[in-house]
Amino acid sequence: MTPTEATNDDRPALPERAQALDLLRGMIRIRRFEEKCAELYSAMKIRGFLHLCIGEEAIPVGVMPTLVPEDAIVATYREHGHALARGMPMGAVMAEMYGKAGGCSRGRGGSMHLFDAATRFYGGNAIVGGGLPLAVGLALAERMQGRPNVAACFFGEGAVAEGEFHESMNLAALWNLPVLFLCENNLYAMGTALQLSESNTDIHAKAASYGMTSEAVDAMDVLAVGAAARRATEAIRAGEGPYFLELRTYRFRPHSMFDPELYRNKEEVEAWKQRGPIVTFSQRLREAGLLDDAALAGIEAEVAREVDAAVAFAEASEWEPVGDLARDVYTEEDAA
Amino acid sequence: MTAQTANGGTIALTYREAVRAALREALEADPRVFLMGEDVGRYGGCYAVSTGLLAEFGPERIRDTPLSESSFVGAGIGAALGGMRPIVEIMTVNFSLLAIDQIVNNAATIRHMSGGQFSIPLVIRMATGGGRQLAAQHSHSLEGWYAHIPGIRVVTPATLEDARGMLASALACPDPVLIFENALLYNDKGEIPADAGAVDIDRAAIRRPGRDVSLITYGGSLGKTLAAAESLAGQGVDAEVVDLRTLRPLDDATILGSVRRTRRAVIVDEGWRSVGIAAEIMARIMEQAFYDLDAPVARVCSEEVPIPYAKHLEDAALPQTDKIIRAVEHLMGNHG
Amino acid sequence: MTEDEIRAAVLAALTGVAPDIEDETVDPATPFRDQFDFDSMDLLNFAIALHRSLGVEIPEIDYPKVASLEGCLGYLSGKLQDA
Amino acid sequence: MPSLGSDMEAGTLVEWLVKPGDTVARGDIVAVVETQKGAIEIETFQAGVVDRLVVEPGTEVPVGTVIAHIRGEGEPAAPAPETPTPASEPVAPKAAKPRKPAEPTAPAAASRARVSPAARQRARDLGVDLETLTGTGADGAVTLVDVERAGAAAPAPVPAPAAKPTGDAAAAMRRAIAAAMARSKREIPHYYLATTIDLTRALDWLETENRRRPVAERLLYGALLIKAAALALKEVPELNGFWRDDAFVPGTGIHVGAAIALRRGGLVAPAIRDTDTRELGDVMAAFRDLVQRARTGRLRASELSDPTVTVTSLGENGVETVFPVIYPPQVAIVGFGSVVERPWSVDGTIESRRVISASLAADHRASDGHRGALYLRALDRLLQTPETLA
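Residue numbers (the numbering used here), protein chains in the order written: chain V, 1 to 336; chain Z, 1001 to 1336; chain R, 2001 to 2083; chain G, 3001 to 3390.
Keep in mind the hints are simulated off the structure, nothing from the lab. Watch out, some of these pointers could steer you wrong.
With beta-carbon atoms standing in for the labels, derived distance ranges [as the list claims (entries may be wrong)]: (1) Ala2008/R x Glu3217/G: 22 to 28 Å; (2) Arg1042/Z x Met190/V: 23 to 29 Å; (3) Leu262/V x Lys3019/G: 54 to 60 Å; (4) Asp3129/G x Val322/V: 44 to 50 Å; (5) Arg327/V x Arg3244/G: 34 to 40 Å; (6) Gln1137/Z x Arg327/V: 37 to 43 Å; (7) Ala3178/G x Arg327/V: 56 to 62 Å; (8) Gln3036/G x Arg11/V: 43 to 49 Å; (9) Ala1135/Z x Thr3277/G: 53 to 59 Å; (10) Ala3047/G x Ala288/V: 27 to 33 Å; (11) Arg11/V x Gln1137/Z: 54 to 60 Å; (12) Gly1257/Z x Glu3217/G: 42 to 48 Å; (13) Leu2011/R x Arg1261/Z: 36 to 42 Å.
From the three backbone atoms N, C-alpha and C, an ideal C-beta is built for every residue, glycine too.
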């Protein structure tokens, strides 16, 4: 499946320079963090499953600025980008990858289960489709408590095949709940291409059939993502009920570290890389005179320092004592 | 419909009315509490437990859901995360299997997986048990399954006082609590103190003290077991009846204390024999009270068949008073 | 109440206290203490059983009079006729 | 060899995509590795010049093995090792087939007698020979009550009131008594103390009391002795309890075992639980109930295992003083003889008084004679004020 290029005329206008560079920095930050994770995985510092979102960085970086701190977020097991873009400290995220007590989930979650109460980040959920009902419930809680907040729910296109997807679409639309559904369509559910699992590959049309507003978005363009997310959150906050964005993207790396990629060819991956969100956005900024080599080098150096500090934090963090193994199973630790 | 006030500060009511009174009290006491489930509102509840509550509390708080167990249970989890105190009703335990992903993968895990950042103060009520000729998709007793799962609590009110009082304690608990109401109990009638209120959900109760054998049971089997104990008394066997009340966490102290006194135990469990809660209790007795035993621990469970429709077959499949008596007689040998 | 009825009640009280006694082997003249190893507790239980079945209250001071089958039958028939 | 998954233990190098001297950038694909999931391209996280390829294509090496050296800019070339590093040696094939389960070499243990765990434990305590017992439990298993009865030297009563112990059972009981009492005399260093107690006041009080009581509630003086024995233990608690594992374990509560002779021989001593806190009438009722049930074979196992001390009286048979044997693991037994009339000095005048001999046998490991003497003195004092025992 090859990418389709948006014409220049379709593209949203560039923001002012500082904001544009923030977006670029946000994407580079996620990219470099994840590259370091891959390295640390190979070196056995990080274990378990490691799912990288390299290639998909425009989504979290485009969406998060449209959310306010009071909004709730539910994400998937490919959620490093979302956690970082939401503002979770990189050191706590890296320490979690290490499984250290200083990690954002005290080493109980790992890469797939990053949680943070401070930013209302309700976790990487590693059951495909399992997070959608949670977002519906979080939105219900907002509504019932008279708060204007949004529950933003990220999930992959693989979740569309799950019953929970359809149940949640229906419930959110039926009850007119403030849910922002963010379907990251990277075309492959692990190794199964979309056309091999869906009778109708036009995902945003499925959501529309539940009576909610639904758009398909070129998610290789951080500005397009941002603009769509702003439309969506404004509509939701105006009381128009749930809103669905199909964010068309591509992951450049294998599904996880241990994936020989038998299901797609190199030409396809290369073609998508040409459209990578960082490379295209950088190019556009250069053309507009908003970015030069020195500025880019400055961003890279700044990000490298943050990544190094995060690794140092993770290395220095303590291991949870095994004696505390059973903590946090129940709120009072009195259950057998 | 409404409970009648009787002399002596007691009221006469049914188990169904006791549950309804508990629901009403909870809804009145805390604006965060709401009831959600299939046909809980306009229909009045599959077992008529919530009849009348819609008129009192309105459709926002007595919330009819679509037939989508996974999403409304998940929404209950999400709403609990978002600050509400949801009571989710699932019509029967068999239907809860459609929501088991949410219960096991989310409700039970999120506290631990988030390193203690998020609790799930959620109550899920469901009917359980056979004996009503509803055959193999509406008659099972899977509460023992749920008791396998760390992170949730499982309670089984068997008396009017517990039907009246366990809900408030479950709502006060910051962790998910599953309440299993044996559907055969809904019509049970009796008197409870007019001011009956919250009861603990941690301890087993000795419903009948005795010296010769401990009959350990819960839920719908309590009545049959007490009847067996009365009959055995006529044969000179003084049986103690322990009502577990809570299947997770199990109250080892009460169970083992009873067995140490009587030196004999029979577990009565409407779940299937293999790999059930009865097996767990037997294992704990072996582990902790082996040298106090005077006979092998026995159990009376459901036969290993899907519960059949025909009455005589269903009766044969479930634990019955005469089976309990025979099991005790065998254990007692020639002792008086 | 006939003598046979009184006798049956006494034997029932006796075997209630000492199940291993067989009616036909009871020697009428020998005190229970010597014959069946009765002690004061057995005698008390025996008196209580007779009180239950016949309604006769035997004061403690009369216990020696009911200490054998013969004595017992005589004592009781006298008591019952008085009543 | 990079680790690509927690379940990856080794990889086979299929192909090098670089050769020594090539310049590589971070992220470049440098080799292809075959894993159990298929061929995967390996990237380098190090930029520089390929110095040396260590692992030959076709070789399987464990995760963590160095497969190539890349020299960073400015770094000197690494000297070639003279011998291959051990880490680069091919992985030995893993142990192939699971071994067949070993044939059992020892014959299966002969099925042993059915004895409940509680009974087995108690038999060990009492020194009762399990071989001699006939079980009355489920499937004929020997239960705790069987052992208790044997240990207490009682013929095994069976529930049916008319049933009688068989000669075999009686013989077995005799052997069990032998074991328990032999153990007591073998292991317990007994000391014996005795005193004579004026019982006149107590018996007078009892006669008055009984005149106003209905026949079913009448008191025997034995109940008075039991209650007094229990209350005196509160003052000398080291006589109330057990000797276990080389230490005294105080009893939880005072549960007097009342020794009861059975009609055809043998003896049991079931407990009157919490004797010290019961009213006298209640002690009497419990005592009477125990005697009745003991003599009709209806005692419960726990009643036989509960006592923390034993009281025995042989007075009705004309015995003047008892020298009792402690029932292990208890540490004391109190004996009473006959009530006899004796000339007795009261306030300097010789009177005829009814007196009783009270004796104590106690375990010298748990207490000393001085404490035993205090106990008998307390017992005497309590029996002089019978109304306080009610």
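So does glutamine 1137/Z sit 37 to 43 Å from arginine 327/V, Cβ to Cβ? Taking Cβ atoms as reference, glutamine 1137/Z and arginine 327/V lie about 39 Å apart, which means the hint holds.
Is 36 to 42 Å respected by the C-beta to C-beta distance linking leucine 2011/R and arginine 1261/Z? 39 Å Cβ-Cβ, so the 36 to 42 Å window holds.
Looking only at beta-carbon atoms, does the pair glycine 1257/Z, glutamate 3217/G fall within the given range of 42 to 48 Å? 34 Å, violated
That 44 to 50 Å hint for aspartate 3129/G and valine 322/V (C-beta), does it hold up? 48 Å, holds
Lying within 43 to 49 Å: is that true of the beta-carbon distance glutamine 3036/G to arginine 11/V? Holds, at about 45 Å.
Outcome of range test on Cβ distance (alanine 3047/G, alanine 288/V; 27 to 33 Å): The hint (27 to 33 Å, Cβ to Cβ) holds, given that alanine 3047/G and alanine 288/V are roughly 31 Å apart.
Between alanine 1135/Z and threonine 3277/G, does the C-beta distance stay in 53 to 59 Å? Between alanine 1135/Z and threonine 3277/G, where Cβ atoms are some 57 Å apart, the hint holds.
Does the Cβ-Cβ separation between arginine 1042/Z and methionine 190/V fall within 23 to 29 Å? 43 Å, violated
Could one say that the CB atoms of alanine 2008/R and glutamate 3217/G fall in the range 22 to 28 Å? 27 Å, holds
Cβ separation of leucine 262/V and lysine 3019/G, checked against the hinted range 54 to 60 Å: Violated, at about 27 Å.
Alanine 3178/G versus arginine 327/V beta-carbon gap, inside 56 to 62 Å or not: Roughly 58 Å apart at Cβ, these two residues keep to the hinted range, so it holds.
Should the hint that arginine 327/V and arginine 3244/G are 34 to 40 Å apart at their CB atoms be regarded as holding? For arginine 3244/G against arginine 327/V, whose Cβ atoms are near 38 Å apart, the range 34 to 40 Å holds.
When each numbered hint is compared with the structure, violations occur for hints 2, 3 and 12.
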